[in-house]
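Colleague: Following the hints, complete the assembly by docking chain B onto the known chain A.
Single-letter residue listing:
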Amino acid sequence: METRGRMTIDVQGDALVLAGAIDETSALHELVGRARHGRLVLDLAGVTFINSLGVRDWIRMQSAAQQAGVAVELRRVSEPLVHQLNMIVATRGAASVTSFFAPYVCDACGREDSLLIDAIAHGPGLARFEPPGMGCPECGAHMAFNDFPERFFSFLARP
Amino acid sequence: MGYDGGQVSSILIVHPDRKTQRVVQRILAATGYTIDVADDLDQGLRLLAHHRPVLVVVDGTAVGAPTLGDFLAAAKARGAEACMTLLGAATSEQLPRILGMGAVTNLLVHPMPILAEELTITAQKLIRNDLFGAEKYLLWGTDLETTILTRSSQRAELVATLSAQVRARGQSARVASMAMLVADELISNAVHNAPVEAGGARPRRDLARDQDLALDGRHAVKIRWGCDARYLAIEVTDKFGSLDRETILAALAKNDVRESGGGAGMGIAIAYRSSDHLVFNLAPGKRTEIIALIDVRHPPTERVPASSYNVFVERS
Numbered sequence: 001m002e003t004r005g006r007m008t009i010d011v012q013g014d015a016l017v018l019a020g021a022i023d024e025t026s027a028l029h030e031l032v033g034r035a036r037h038g039r040l041v042l043d044l045a046g047v048t049f050i051n052s053l054g055v056r057d058w059i060r061m062q063s064a065a066q067q068a069g070v071a072v073e074l075r076r077v078s079e080p081l082v083h084q085l086n087m088i089v090a091t092r093g094a095a096s097v098t099s100f101f102a103p104y105v106c107d108a109c110g111r112e113d114s115l116l117i118d119a120i121a122h123g124p125g126l127a128r129f130e131p132p133g134m135g136c137p138e139c140g141a142h143m144a145f146n147d148f149p150e151r152f153f154s155f156l157a158r159p
Numbered sequence: 160m161g162y163d164g165g166q167v168s169s170i171l172i173v174h175p176d177r178k179t180q181r182v183v184q185r186i187l188a189a190t191g192y193t194i195d196v197a198d199d200l201d202q203g204l205r206l207l208a209h210h211r212p213v214l215v216v217v218d219g220t221a222v223g224a225p226t227l228g229d230f231l232a233a234a235k236a237r238g239a240e241a242c243m244t245l246l247g248a249a250t251s252e253q254l255p256r257i258l259g260m261g262a263v264t265n266l267l268v269h270p271m272p273i274l275a276e277e278l279t280i281t282a283q284k285l286i287r288n289d290l291f292g293a294e295k296y297l298l299w300g301t302d303l304e305t306t307i308l309t310r311s312s313q314r315a316e317l318v319a320t321l322s323a324q325v326r327a328r329g330q331s332a333r334v335a336s337m338a339m340l341v342a343d344e345l346i347s348n349a350v351h352n353a354p355v356e357a358g359g360a361r362p363r364r365d366l367a368r369d370q371d372l373a374l375d376g377r378h379a380v381k382i383r384w385g386c387d388a389r390y391l392a393i394e395v396t397d398k399f400g401s402l403d404r405e406t407i408l409a410a411l412a413k414n415d416v417r418e419s420g421g422g423a424g425m426g427i428a429i430a431y432r433s434s435d436h437l438v439f440n441l442a443p444g445k446r447t448e449i450i451a452l453i454d455v456r457h458p459p460t461e462r463v464p465a466s467s468y469n470v471f472v473e474r475s
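For the record, the sequence lines run as chains A and B.
The numbering of the first sequence is the working numbering, which starts it at 1 and goes up by one.
The numbering of the second sequence is the working numbering, which starts it at 160 and goes up by one.
One chain only, chain A, in its complex shape:
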């Protein structure tokens, strides 16, 4: 049997780096107490999975942060988490998203990849549901966005 790995927390610079699965075992409420100077920066590139129980606890963590006056920044949000942010608006809460991963496919060689998008630099285009252009890391050709932009970027709009 494989294991999906419990969520781990590391510190890197100003961010808490979360990795693994967010589920009923993750104790997310403890994160708020680790905010620094009223800021909680979460690096989420390593989050591989989040189920409905993880979402419930995530939303509670967001509410606790808001009540404590802590500003939450979501950085390098992984695709599984974006999927949940799009399905359940409350998952985003009042947090700001500075970057996230998105699906691209290369028209030339067929490579599929999850590529990082800077939500600040590309903010105006993303608001118009225009994905930024990306080059294929394998063959250098143009990569096409591999989802419906209106659906995938909807989490960026303020609820």
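These aren't lab readings, by the way, just hints derived from the structure by calculation.
Heads up, none of these hints are tricks.
Per the computed footprint, the stretches of chain B lying under chain A, defined by three or more beta-carbons under 8 Å from a beta-carbon of chain A, are:
id : stretch
1  : 341-349
2  : 367-377
3  : 454-464
Being a predicted model, the structure only gives us computed values, none of them experimental.
For each residue, glycine too, the CB sits at the ideal point set by N, CA and C.
Modeller: Below, chain B alone, put in the same frame as chain A:
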């Protein structure tokens, strides 16, 4: 073939588009039943006076029409077992309205022309009352791996293994991720929400999800999965059969999956939105089987941005 007092049973199609009428008629005629076609619900009502359809197929754009209620009541009175609604890519924005009605038990979302396989399978299951098994949705010869969960703590390992095996068989990280999420939600549902006592109490519903539970006897949960390079199918079965049609339709309609923080039924709503087709096979008091189908043929941009579902209830 169905006969009733010398009258041959039929299937009634109500669709305004002639081309679609012909396509649906051709597909469903393969069942051997007589096919009647109406352009609208009024014409359908008139046909119901003379026919006894086992199945009525209604275009999704008719949902919300003032005469739909009369039509469905008349179809039921004439013995129709179920109503199937078709929703084309161009009209997929009707989905929230259809879900909000809480009355459509079979919805097939499809690119035009009609997806023949899904239409035929749905019709045959309804007509034959032969509901169970993911094999019906997969090509002949597709192997289904089976696991019986005997402790609730095995859930996390099982879905991780499923994800790894899906990847090992050449599917994308996205498909594996969706499979993991869908399996986790359906298993969690079967372990905690399905068990019901004679008095109706659900003793495991409010237990902490990280509490390890023995899944012996009737509590055992069966998981099967297989892929035929068209669909990845994940089937989860419990032996309580406590999930009912109304609960499912209410869960599917949960717009609070987008708007609020979750709660009961969120697992079903998430599984629906994370798969391309979710099938509920219900044998009340005996078993509930849920099959999630994830389309592995087409990239997301070539698929319809809405999902199909069926709620089948076994006739005793």
